[in-house]
Amino acid sequence: MNPTLEALLHFLATWWVELLWGVVIVAVVPLVAGYVVLVERKLMADMQARLGPMRVGPHGLLQPIADAVELLIKEDIIPDNADQLIFWLAPVISMVAALTSMGAIAFGPTLQVARDINIGILFVAGVSSLGLLGIVLGGWASNSHYSIIGAMRSTAQLVSYETAAGLAMVSALLLSGTLSIRAIVDAQRQSGVWFVFLAPMAFFIYLVASIAETNRAPFDLPEAESELVAGYMTEYSGFRWSLYFLGEYANMIVVASVATTLFLGGWLRPFPNVTWLSWLEYAPAVLMALAGGYSIYRAGKQPVAVQTGFMWAVALACFAVAVLFAVPRFVAPLNFVLPGLNGAFWFLLKVSAYLYVFMWLRFTLPRYRFDQLMHLGWYILIPLAIVNVVAVGVAMLLENAGWNRWVGLMVTTAFTLGTALYLVHLQDKRNARASSAKTDVLPGNSYAG
Amino acid sequence: MADEPKPSQPPESSKPDGAAAAPAAPPAVKNPGTPATLGVPKAAPAAPKTPPPVQIPLDNELTRRYRERFGATILDTLEDRKQAYLVVDAGQLTEVARYSRDQEKFDLLEDYTAVDWPKREKRFDLVAVLYSFPHNIRLRLKIPIADRQRISSLVEIWPAANWLEREIYDMFGIEFAGHPDLRRILLPDGWQGHPLRKDYDILKQDTDWVRENLGIESGQ
Amino acid sequence: MLDSVLFYFFGGVAVLSAVLMVTRRNAMHSAVFLITTLMATAGIFLQLRAEFLFIAQIILYVGGIMVLFIFVIMLVRLDVALHHVRFRMQKMVAVLVALALGFEVLAILYAARRLPGQGLFISEITPPDKLPPNSEELAKSLFSAYLLPFEIASVLLLVAMVGAVVMAKSKKGAEEQ
Amino acid sequence: MREEGTNQNATLLGADELVLNMGPQHPSTHGVLRVKLKLDGERVRGTECVIGYLHRGVEKIAEHRTYQQFAPYVDRMDYVAAVSNGLGYCEAVEKLLNAEAPPRARVIRTILTELQRIASHLVWLGTHALDIGALTPLFYCFREREEILKIFERYCGARLTTHAFRIGGLQYEAYDGFEKDVERFCKDFERRIQEYMDLLTGNSIWIGRTRNVGVLSAADCIALGASGPILRASGVKWDLRKAQPYAAYDQYQFEIPVGTNGDTYDRYLVRMEEMRQSRLICLQAIERIPDGPIMGKVGKVLKPPAGEVYHSIEAPKGILGYYLVSDGTTQPYRVRVRPPSFVNLQAFDKMVRGHLVADVVAIIGTLDIVLGEVDR
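Residue numbers (the working numbering), protein chains in the order written: chain A, 1 to 449; chain B, 1 to 220; chain C, 1 to 177; chain D, 1 to 376.
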C-alpha cells in the first residue's frame, strides 16, 4: 500500500473523534451563536415590554436562519481606500481565534476536541485573545475614523482587562494546582465545592473582566453605536460582518466556558460529593420532562391551530430529550454515555446562566466612558486581582499550616473585600477631587413655589 | 450679569380676564403710576388702512431714561399692542445694547432678526428682542438700516447673537462688522441669494448650485 | 510521518512569511506577516511537544507584543517615518550585515560539528509521548536551579515598569504646567 | 491617520489632530446634525456644528400663506412637540388680532400642551439614555408616550403633527372621556416615572457619565441664550409659565424645578421633575374644565391690523417665540420663529470642549434638540 495513504488512514483512525468534534464545532457554533442572539433579543424584548422577533417561524424561532441567509446574500462592500488584504483577513482571524479556542474546552468528562492538553486553560485564554488582532487589523484596514477609534479603544481595553482576567484565573489555578481543564474540574470534585465559593472575589473579577474582554455592555465601547456607529465594524457588511459577529458570540461562549470550568465546577452537578443530593443526577431528564409538560399546558392556550401544533412539537421534542437523558441511566449497556450526557447538561446550563448575566447587564446598565473604563480596570480590578492572588496563596499556606480551610479562606476573602472597598473609596475620592467642590442636589428639596 | 435673578413675578397688572398676557408691559413693573399702559387705547379699531395707527408713542420712565442717555440716537419710542419698542439709529447700536444689558439689566437677547421693507429708503429693520430677568419685561430694539449697510455685531455683548446674526446674514444678506465667524448657517456656503428678502421669489433657488452639487435640475 | 508533515508545513510558512515580512513596503502588512511567522514558530514548538513554549509564544509575542506593535504603528504613522529614515548607503549596509550574519551561522555550524557528543544533530529522538509534561518541568527548573536569574529578570521588568510610570507622570505634570 | 496628512497640529502624542465628522447620518445626532470634532486622541479640542440639512424655509412659506393656512406648518418644526408649537403660534396671532381664546379653550390647550411636554421629555429621556448606552428606558418611554399620542389621536385624529389648536380657540370639543383618559394616564404616570428613576437616577455609571459633563453656569446660559430646562438646571428659577403666564397657567399650582451644577445630571433631574409637575398641572386642570364656547370671535378671514407682535411660550425645549409682522392683509408680512433648539445648540461648543467623544453624545442628548426646529 502507498505509505502516504497508509499514514493518512492511520491518522484518521487515531484522530477521528477529535476531527469529528472539530467539524461539529465549526458547523454548530454558528448556529448556536445565532440562537444565542435570538435568545438575547427575546429576553431583551421581554424586559422592554415588547415581543421581539415574531415574524420568521413561530415566535421568530427561525429568525437566526433568516438572518444568516440575509447576511450571506448581502452585497459585499469593500471600501475603495481600505487595505484589501487586511480587510479581508481581519474578520477571519477574529472568528478562527474564537472557534479554535473552543477546541480545548471540555463540555463533559469525555467531550473535548483536544485530548486533554496540559495547558488547556492557557490555550483557551491565549488563543481567544488572538481575536483582538482581528479587531485591530480590521479597524485599521477600514481606513475610517470610527473604525480606528474603535480599534484603539478595543486594544487598550483588552490589554487592560486581560491582565485582570488572567490574575483572577491564577487564583483558581492556585487552588487546583494544574492547567489542565479536566484536572481543574477534578480538583473541584475532590475539594467537594466549586471554586467560586473558595475564591468568590476571583470569580467576580473574572466576571467583570470577561464582560469587558468580549466587548459587551456596559463595556461595549469599541462598538458603541451611539458614539462610533459600529466601531471597528463600521465599514463591514454582509458576510464579513457576520464573521465578526460570530467571533464575538463564540467568544462569549468561550469566556463563559472558562468561567464555568474554573469557578463553577465545569460539568459537575451542584455539590458533587454530597450523596443525598445524588437525585440531582435525574435532574436533566426531569427538567426536560417538566418543560415538555409546560409546553403541553401552554398548547391548549394558543389562539391559532398552528401555534398549538407548534407547542405540541416543542413538547414532544422536550420529552424526546428527556427520554434521551433517562434511558442510559436505566439501560445498563448504555451507562457509559451517562457522565457525558449529564456533564454536558450541567455544563451548558452553567454557561447559559453566565451568558444570561451578560445579557441582563446589557439591558440594564448604561455604558462606561473610556476613561472610567480604564480607571475601573487599572485602579480597581488589577490591584484587586493581585491582592486576591496573594490572599488565596496565603489561605493555602494557612491550610498547610493546619488551619481549617474555610476559616483561612474567609479571613483572606474578607481582606480582599476590604481592599476592594478601600480602592472604591479611593476612586470616589479621586472623582470628588476632579469635580472640585460641587454639591449634590436632589429633586424635591430646593423647589420653592 | 445677574446669575441669580430674583424669582420673577407675573406682571401684576394682570389683565382683567387674563387675555393673552401682554408680556412686555414695561410700566407694570417699573412704574405702576405712569398712565402709559392704562392710557393705551384698545388697539386701533378695524379698517387697517395702509399707514397703521396701531403704533402709538410711548413715554414712560424706561423710554425717558433711554432718551436722556442717548438723545437723538433713539429715533422713536413706540408701543404696539402693549409691547414696547425703541427705534434706534444703527450708528450707536453697540452703546445702546451695552447700556441695555448693563444698566437696564436686559441680560437675555431673546431673539434677533430682520424684516425686509423693499420700498423704504432704509430697507431693513433689524429687530432685537431683549428680556430682563430682574424686571421680567421685554423690550424690542428696532434698527432701520439700508441695503449693504454694515452694522456692528452684538456678539460681544450677547454671545447668543452669534448664530442669530449668522442667520440674518444668511437670510437677508446683512453684514455684521466684528462678527467672529460670519458665514451662512442654514444654507450651503456657496449659495447665491438671500431667501427672506422680499424680492426673492418663493420658487426661486440657486439653480447653478443645485445643478453643480446635487446633479439635478431643480430641487422642487 | 505526521510530525514531519507538520514540521515542513510550519517551517515553510515561517520562512515564506518571514521573506514576505522583509519585502513588504507597507508596515502593517509586514506586521501581519511577522505575526504569521511567529505563529508558525509556535506551531513548530507544538509539534515538538513543547506546549508551554507554544502558548507562551502565542500569548507573549502574538498576543501581547504584536498588538502593542500594531498599536504603535497606527499611532505614529510609520510609513512617513520610514521614508525619512531611509538613507543612501542603506542597501550596502544591509548587504554587509546580512553577510556577517550568514558567516556567523556558518561558523556556528562548523564549530558545532567539533563539539563533544552529538553536536547539533541528535540521532536518538525521545518519542514525544514519553516526554514529561513540560510546564511542570519548566516551573521546577525556573524555581529551583534558575531561581536567581528568574528573580533578576523579574526585578529588571519591575524597574522598567516603574520607570515607565515615572516618565509618564513627569510628562503629564509638565503638560499641566 | 493616513488620510490626515495636511493637518500638522502637534498634539500630546506628537500625532496629528484627528478630525472626526459626526453626522449628518449618525445614530446619535438626533436627526441630521453634523458635528465636526477636532480630536486629540479622544479629547475634543474644538467643534463646529453644520446645520441646515433640514431647512425648508418655513419663514418664507409663511409669507405666502394666510394666517390659518400657516398654522399646520409650525407643527413641522419641533415635531416631537407639535402641540406646543401650535399653542405659541395661535396665541401670537390672537395677540396680533387683539382677540383671545375663551376660557374653556385655554384650559384644554393647557392640558394638551402639558401632555405634549411630557411626551417631548419622554422622547428626550429615551434617546438620551440610549445614547449613554442604557437600552431599556427608550422602550418604557415610548410605551408611555404612546398613551399620550392616543389621547391626541382621539382628540384631533393626528398623533404627531397634530394641528390641535385654531387661531381664536379650538376646532374640536374635548371628546367624551377625555378627562378620564388624561386622569388615567396621569395616575399611572407617577409610577412610571419612578420606574425610570429606579433605572437611572442612582446608577453609578449613569451618574459617572452625566455628573460634571457639559457644565453650563447660569451666566453662560443667559449669555448664550440657552433657555428651558438647561437654564433651570444651572440654577435659574425661571419659567415663562410662571413669569408671564399664558393659556391658563395662572390658575394652577406647580413648581419650577432647578438644579445647581448645570451639568447633564442636573438637567436630567430637572426634566424628570418637570414631567412630574406637568402631570400635576394636568390633574388640576381636568378637575374643572370650564363650560362655554371653545372658539372666540375672530371671524373667518383674519386681517390683523398692521403692526407687529412678539409672543413667546415655554416650550418643552425652552423659549419658543413668534415675532409676527402684519401689513394689514390676510397674509403675514413676516413670521419669525425663535426656536429654542437653535439657540440652545449654540451652547454646544462651550459645553463640549475638553470632554471625550463619548461625552459629545451625552451632551447632544442633554441639549434635547430637534433638527426640524433648528433648521426650520
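Keep in mind the hints are simulated off the structure, nothing from the lab.
Be aware that one or more of the hints could be misleading.
[To be verified] Keeping only pairs whose Cα atoms sit at most 25 Å apart, straight-line, the calculated BS3-like set for lysine-lysine is:
| no. | chain 1 | residue 1 | chain 2 | residue 2 |
| --- | --- | --- | --- | --- |
| 1 | D | Lys297 | B | Lys142 |
| 2 | D | Lys242 | B | Lys105 |
| 3 | B | Lys122 | D | Lys60 |
| 4 | B | Lys119 | D | Lys150 |
| 5 | D | Lys242 | B | Lys198 |
| 6 | D | Lys150 | D | Lys187 |
| 7 | B | Lys204 | D | Lys60 |
| 8 | A | Lys429 | C | Lys169 |
| 9 | B | Lys198 | D | Lys60 |
| 10 | A | Lys301 | A | Lys42 |
| 11 | D | Lys303 | B | Lys119 |
| 12 | B | Lys142 | D | Lys303 |
| 13 | B | Lys105 | D | Lys150 |
[Claimed, not checked] Partial pick of chain C residues on the chain A-facing surface, computed with a CB cut under 8 Å:
| no. | residue |
| --- | --- |
| 14 | Met28 |
| 15 | Ile58 |
| 16 | Ser135 |
These numbers come from a predicted model, not from an experiment.
Cβ coordinates follow ideal geometry from the N, Cα and C atoms, glycine included.
Hint by hint, work out which the structure violates, then give me just those numbers in ascending order. The structure breaks hints 1, 4, 5, 13; every other hint is satisfied.
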